[in-house]
Amino acid sequence: TPRIQDSAQMPELLGLPLGFFLAIGLSITLWWIMRNTTTGFSIETIGRNRNAGWYAGISVKKTIMLSMLIGGAVAGVAGAVETLSIIGRFEPAFNAGLGFDGITVALLGRANPLGVIPAAILIGGMRASGSTVQFEAGVAPELVDLLLAMILFFVTAPLLARFFKNRKESVAMTSGWSN
Numbered sequence: 003t004p005r006i007q008d009s010a011q012m013p014e015l016l017g018l019p020l021g022f023f024l025a026i027g028l029s030i031t032l033w034w035i036m037r038n039t040t041t042g043f044s045i046e047t048i049g050r051n052r053n054a055g056w057y058a059g060i061s062v063k064k065t066i067m068l069s070m071l072i073g074g075a076v077a078g079v080a081g082a083v084e085t086l087s088i089i090g091r092f093e094p095a096f097n098a099g100l101g102f103d104g105i106t107v108a109l110l111g112r113a114n115p116l117g118v119i120p121a122a123i124l125i126g127g128m129r130a131s132g133s134t135v136q137f138e139a140g141v142a143p144e145l146v147d148l149l150l151a152m153i154l155f156f157v158t159a160p161l162l163a164r165f166f167k168n169r170k171e172s173v174a175m176t177s178g179w180s181n
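Here the sequence shown stands for residues 3 to 181, where the numbers follow my numbering.
Bear in mind the hints are in silico, worked out from the structure with no lab data behind them. Glycine is no exception: its CB is placed at the ideal position from the N, C-alpha and C atoms. Certain hints may be false.
To be verified - So the derived label-pair ranges between C-beta atoms look like this: (1) 138 / 62: 10 to 20 Å; (2) 140 / 70: 37 to 47 Å; (3) 133 / 63: 38 to 48 Å; (4) 76 / 140: 30 to 40 Å; (5) 169 / 8: 54 to 64 Å.
I would like the entire structure built from these sequences, with the hints used as guidance.
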């Protein structure tokens, strides 16, 4: 598409795109909602255990739809910020691969709206510096992908170990007298 007019672009604040501060404010708002409202409690409960939420009288379908709506709205805001402040025009593949970075950020931030702030700054900084490192130090740009994969591995390794340990224990408990 044609370049967005200067009057429609998001301004900078303290040398950073306004969207950076918008994202921090949105994270803090979502954290507050998750910790201080019944809606947040419902989302947290259904996210951890659907059956427990259902037995507690929480509408599982409504809560899942609401969380999907919130996630979609946040993704839409992120796309608008990226388009209006960074790129300056709509490009069809402007967000290719960002979903995987989002998963890494969520895991690194332990799925906590406040925890994803430093995680997103770290991952975003690594992504932004990838091309600079390539030109300045002569390092392959795939090094950033390798570092992100290592971070993802080390963050998920304890979770996977706990999952397989619990699975092994539950199999041993249910095997009965025949073994």
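Return the numbers of the hints above that this structure violates; sort them in rising order.
-> Of the numbered hints, just 1 does not hold.
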